[in-house]
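Colleague: Sequence:
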Amino acid sequence: MDIQNSIQIAVAQAVEQLYGEPTELKKVQINPTPKEFQGDYTVVVFPFVKIAKKAPDAAAAELGAFLLKNVPQISDFNVVKGFLNLSIYEKYWQNFLSEVSENENYGRQPRNGKKTMVEFSSPNTNKPLHLGHIRNILLGWSCAKILDAVGYDIVRAQIVNDRGIAICKSMYSWKTWGDGKTPDSEGIKSDHFVGDFYVLFEKKSKAEYEIWQKTEAAQHFLNEKKKADQTEKEFWAAYKNTWFNQFSELGVAIREMLLKWESHDSATLELWKKMNGWVYLGFEKTYHDLGVEFDKLYFESNTYLLGKDIVEEGLAKNVFFKKEDNSVWIDLTDAGHDQKLVLRGDGTSVYMTQDLGTARMRYEDFGCEKSVYVVADEQNYHFQVLFEILKRLGEPYAAGLHHLSYGLVELPTGRMKTREGTVVDADDLMAEVVRLADENIKERGEVAGFSEAERAEIARKIGMAALKFYMVKVHPKRKMIFNPEESVDLQGQTGPYIQYSFVRINGLMTRVKKENIDLAAAADYQKIEPQEKELLTALHAFPTVIQQAADDYDPSHIANFCYDLAKSYHKFWHDLSVFNADSEAARAFRLKLSAAVGQTLKMGMGLLGIEMPERM
RNA sequence: GGCUCCGUGGCUCAAUGGAUAGAGCAUCUGACUACGGAUCAGAAGGUUAGAGGUUCGAGUCCUCUCGGAGUCACCA
91 MDIQNSIQIA
101 VAQAVEQLYG
111 EPTELKKVQI
121 NPTPKEFQGD
131 YTVVVFPFVK
141 IAKKAPDAAA
151 AELGAFLLKN
161 VPQISDFNVV
171 KGFLNLSIYE
181 KYWQNFLSEV
191 SENENYGRQP
201 RNGKKTMVEF
211 SSPNTNKPLH
221 LGHIRNILLG
231 WSCAKILDAV
241 GYDIVRAQIV
251 NDRGIAICKS
261 MYSWKTWGDG
271 KTPDSEGIKS
281 DHFVGDFYVL
291 FEKKSKAEYE
301 IWQKTEAAQH
311 FLNEKKKADQ
321 TEKEFWAAYK
331 NTWFNQFSEL
341 GVAIREMLLK
351 WESHDSATLE
361 LWKKMNGWVY
371 LGFEKTYHDL
381 GVEFDKLYFE
391 SNTYLLGKDI
401 VEEGLAKNVF
411 FKKEDNSVWI
421 DLTDAGHDQK
431 LVLRGDGTSV
441 YMTQDLGTAR
451 MRYEDFGCEK
461 SVYVVADEQN
471 YHFQVLFEIL
481 KRLGEPYAAG
491 LHHLSYGLVE
501 LPTGRMKTRE
511 GTVVDADDLM
521 AEVVRLADEN
531 IKERGEVAGF
541 SEAERAEIAR
551 KIGMAALKFY
561 MVKVHPKRKM
571 IFNPEESVDL
581 QGQTGPYIQY
591 SFVRINGLMT
601 RVKKENIDLA
611 AAADYQKIEP
621 QEKELLTALH
631 AFPTVIQQAA
641 DDYDPSHIAN
651 FCYDLAKSYH
661 KFWHDLSVFN
671 ADSEAARAFR
681 LKLSAAVGQT
691 LKMGMGLLGI
701 EMPERM
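Just so we're aligned, residue 91 is where the first sequence starts under the working numbering, counting upward by one.
Simulated from the structure, these hints should not be mistaken for laboratory data.
Model, not experiment: these values are computed from the prediction.
C-beta: ideal position from N, C-alpha, C; glycine also.
Hints may be right or wrong, so weigh each one.
Computed spacing ranges between beta-carbons, pair by pair [to be verified]: (1) V170 to G535: 30 to 40 Å; (2) K375 to D243: 55 to 65 Å; (3) K304 to E402: 20 to 30 Å; (4) E500 to E529: 25 to 35 Å; (5) D379 to T508: 19 to 29 Å; (6) I571 to K375: 26 to 36 Å; (7) K481 to N160: 29 to 39 Å; (8) K293 to S541: 38 to 48 Å; (9) K304 to N650: 21 to 31 Å.
Straight-line C-alpha distance at most 20 Å; calculated EDC-like pairs for lysine to aspartate or glutamate [as the list claims (entries may be wrong)]: (10) K375 to D385; (11) K460 to D641; (12) K563 to E500; (13) K398 to D421; (14) K265 to D166; (15) K657 to D579; (16) K507 to D286; (17) K204 to D642; (18) K386 to E454; (19) K143 to D166; (20) K604 to E619; (21) K398 to E459; (22) K692 to D385; (23) K375 to D579; (24) K205 to D166; (25) K265 to E339; (26) K398 to E324; (27) K293 to D274; (28) K692 to E674; (29) K363 to D274; (30) K430 to E500; (31) K296 to E352; (32) K481 to E459; (33) K532 to E468; (34) K125 to E192; (35) K603 to E522; (36) K623 to E544; (37) K460 to E478; (38) K532 to E544; (39) K604 to E522.
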């Protein structure tokens, strides 16, 4: 059993035996002892001083004596200001290291037979993926990896928003102004090609709007509706949707196209398929470059009519109610929310209807008891309501639903805006970080033994590691400011810093293999140095960190762990010699320790979707 | 305005209610004739937005104030 658990249980027993009062296990707090004190683990004694009716130090001393007697792994203890510091026999750490060395799956838990769906990315098909998608995708991918590591079987799902106004704009634009051009004819990545037509549509629409604003009718609206504290520009910005829906000729054309699509007009469907096909082709490349894949794709064109049967059931169960105009609502005022529409008066769906239906379909398809939706925090309210409704409907999977909400990615100059052309494209960004990594490799002159292809592959791993680590080290909930320059940093708290520690280890291991060095002598190593102990305690915490990341749906725990471990290793490397160690035992022990660190770093970074190079 | 989230050195971020709030970047100073210097060591930089409260103990929990973001669609 894990030493921390042993201590925890022993402390609970001690409290009961010494002071005659049982205590909850979770009240027993065991922390790694801070560097400046003697010991490996620390028991916080304060929670028991009341029960003990003694001063903290006296109680700590009593508990320490008890533990020393009853926990065989404990070699010594000391008390500082109510903290009980325990030292663990070196033999324990020796055994622990061997355990890690022999288990290449160290950190992973056995399969638990339960399923979890993780939904992420969920793009619109009218334009290419951007920086915001990258954060979403990295979080989703990593979250799936982490849940897999703690034992769940994972279904990675994507809901493709392939229908609606947006794609119609791209379609209309291409049909009207495209002159029959294709991605091939123009030599443009196909999703970008479609996106360019979307942008063109917005441009034409803007031009139409500006002309309209000068008409008499428009000026009439301006005078009538503009609020006193609004500038003319602000008014037109706010009025844009209304204008598009009521007065725009392009708006008419788009709605007409949408209606044709909904009535299965064959020419429209053909155009739709052609353009979506282009987009998917482009997405495929982007996903491939990001190193992610999906197990299941849901298409909104297949799901947008779902959920009406659930609305019927909800009415029958009196969870929902009908208003005079036949529209269906749920009253969530007792849960701190408002009334929410779930079906329009004319019987057509809204976003919520569709999500209700999709939730049930997902469950019917896979029977996942947990389901994670990776969606930006703009939609917090939507998901609160969605989950609350499903709970009230008594859906069996309702308790396992989780919205992994993350903050938007902003640039140092503020929010990304399509209109202002400040959207950072995913493909461009990846190409740029890899290019910079490649330049860096060349500058360092380490390329001597590398072929062109090898160098490109290493540059890819380094560049992507820089980008991914930069994004995933931040707590998901936090809005993050994406600084393009910092994202390609290769030094300090970065992906490449961690990769470098791995490469150092890899260098050692190559030599071990080449010289066929036997590590059995490690068992004779007597005096574990502080730098070594630091690595051991870090490795020891790895499974707990993964569990924590899984419980919190938070990959940043793993990122921070990997950074701390790499940092400790770099220090170890600098302070202590491995091959030139004083004794054969020390050399073997350090090699064994290095291998364990390397293995753990590789797995940890793998959970973040980051690959490790052998050389760099 | 209601609800939700956020506020930690110049900047970007850490810190299951526990010991002197930690890192990185930037700035300054050092360390290879050494297993790879994408490294290491050191300096400087903080009233954790502010005020109360709970607690043996608060960056963390509660209340209020200030500042920022999101949301409050028969859009998705």
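Colleague: None of the hints should be skipped; say for each whether it holds.
Modeller: To see whether the hints hold, each was checked on the structure:
Separation of V170 from G535 is about 51 Å and departs from the stated range, judged on CB atoms against 30 to 40 Å. Taking 55 to 65 Å as the suggested C-beta distance range, the pair K375 and D243 does not conform, at roughly 28 Å. In this structure the hint that K304 and E402 lie 20 to 30 Å apart at CB is violated, the actual value being about 50 Å. For E500 and E529, the hinted distance range of 25 to 35 Å is satisfied, since their beta carbons lie about 27 Å from each other.
The hint said 19 to 29 Å for the Cβ distance between D379 and T508, and at roughly 22 Å that hint holds. Under the hint 26 to 36 Å, the C-beta atoms of I571 and K375, about 28 Å apart, fit the expected range. For K481 and N160, the hinted distance range of 29 to 39 Å is not satisfied, since their beta carbons lie about 46 Å from each other. A C-beta distance of roughly 46 Å is found between K293 and S541, which places it inside the suggested range of 38 to 48 Å.
About 57 Å separates the C-beta atoms of K304 and N650, a value inconsistent with the hinted range of 21 to 31 Å. For the suggested pair K375 and D385, the alpha carbons sit about 16 Å apart, so the restraint of at most 20 Å is met. Under the criterion of a C-alpha separation no larger than 20 Å, the hint pairing K460 with D641 is consistent with the structure, at around 12 Å. Between K563 and E500 the alpha-carbon distance is near 16 Å, which keeps this suggested pair within the 20 Å criterion.
With a C-alpha separation of about 18 Å, the suggested pairing of K398 with D421 holds against the 20 Å cut-off. About 80 Å separates the Cα atoms of K265 and D166, which puts this hinted pair outside 20 Å; it is violated. The suggested pairing of K657 with D579 holds, with an alpha-carbon distance near 16 Å, which does not exceed 20 Å. For the given pair, K507 sits about 15 Å from D286 by alpha-carbon distance, which is consistent with the 20 Å threshold.
For the hint pairing K204 with D642, the CA-to-CA distance comes to about 18 Å; that is within 20 Å, so the pair holds. With a CA separation close to 13 Å, the supplied pair K386 and E454 stays within the 20 Å bound. Proposed proximity of K143 and D166 is contradicted: the alpha carbons are some 25 Å apart, above 20 Å. For the hint pairing K604 with E619, the CA-to-CA distance comes to about 27 Å; that exceeds 20 Å, so the pair is violated.
The hinted pair formed by K398 and E459 fails the criterion: a straight-line CA distance of about 23 Å is larger than 20 Å. Using a Cα cut-off of 20 Å, the hinted pair K692 and D385 is violated, with the two alpha carbons roughly 24 Å apart. This hinted pair does not check out: K375 and D579 have alpha carbons roughly 25 Å apart, beyond 20 Å. Of the supplied pair hints, the one linking K205 and D166 is violated, its CA atoms being roughly 44 Å apart against a limit of 20 Å.
Proximity of K265 to E339 is assessed by CA-CA distance (about 16 Å); at most 20 Å being required, the pair is judged to hold. A threshold of 20 Å between alpha carbons decides the hint, and for K398 with E324 the separation of about 39 Å lies outside it, so the pair is violated. For a cut-off of 20 Å, the pair hint linking K293 to D274 is broken: about 24 Å separates their Cα positions. With a C-alpha separation of about 27 Å, the suggested pairing of K692 with E674 is violated against the 20 Å cut-off.
Restraint check for K363 and D274: satisfied, since their Cα atoms lie roughly 17 Å apart, inside the 20 Å limit. This hinted pair does not check out: K430 and E500 have alpha carbons roughly 31 Å apart, beyond 20 Å. The hinted pair formed by K296 and E352 fails the criterion: a straight-line CA distance of about 26 Å is larger than 20 Å. This hinted pair checks out: K481 and E459 have alpha carbons roughly 14 Å apart, not beyond 20 Å.
Among the hinted pairs, K532 with E468 is inconsistent with the structure: their alpha-carbon atoms are about 43 Å apart, more than 20 Å. A distance of roughly 28 Å separates the Cα atoms of K125 and E192; the hinted pair therefore is violated under the 20 Å criterion. Using a Cα cut-off of 20 Å, the hinted pair K603 and E522 is violated, with the two alpha carbons roughly 37 Å apart. Annotation: proposed proximity of K623 to E544 is violated, straight-line Cα distance about 36 Å (limit 20 Å).
A C-alpha spacing of about 15 Å is found between K460 and E478, which places the hinted pair at or below 20 Å, so the restraint holds. Proposed proximity of K532 and E544 is supported: the alpha carbons are some 13 Å apart, at most 20 Å. For the hint pairing K604 with E522, the CA-to-CA distance comes to about 37 Å; that exceeds 20 Å, so the pair is violated.
Checked against the numbered hints given earlier, this structure breaks hints 1, 2, 3, 7, 9, 14, 19, 20, 21, 22, 23, 24, 26, 27, 28, 30, 31, 33, 34, 35, 36 and 39; the rest are met.
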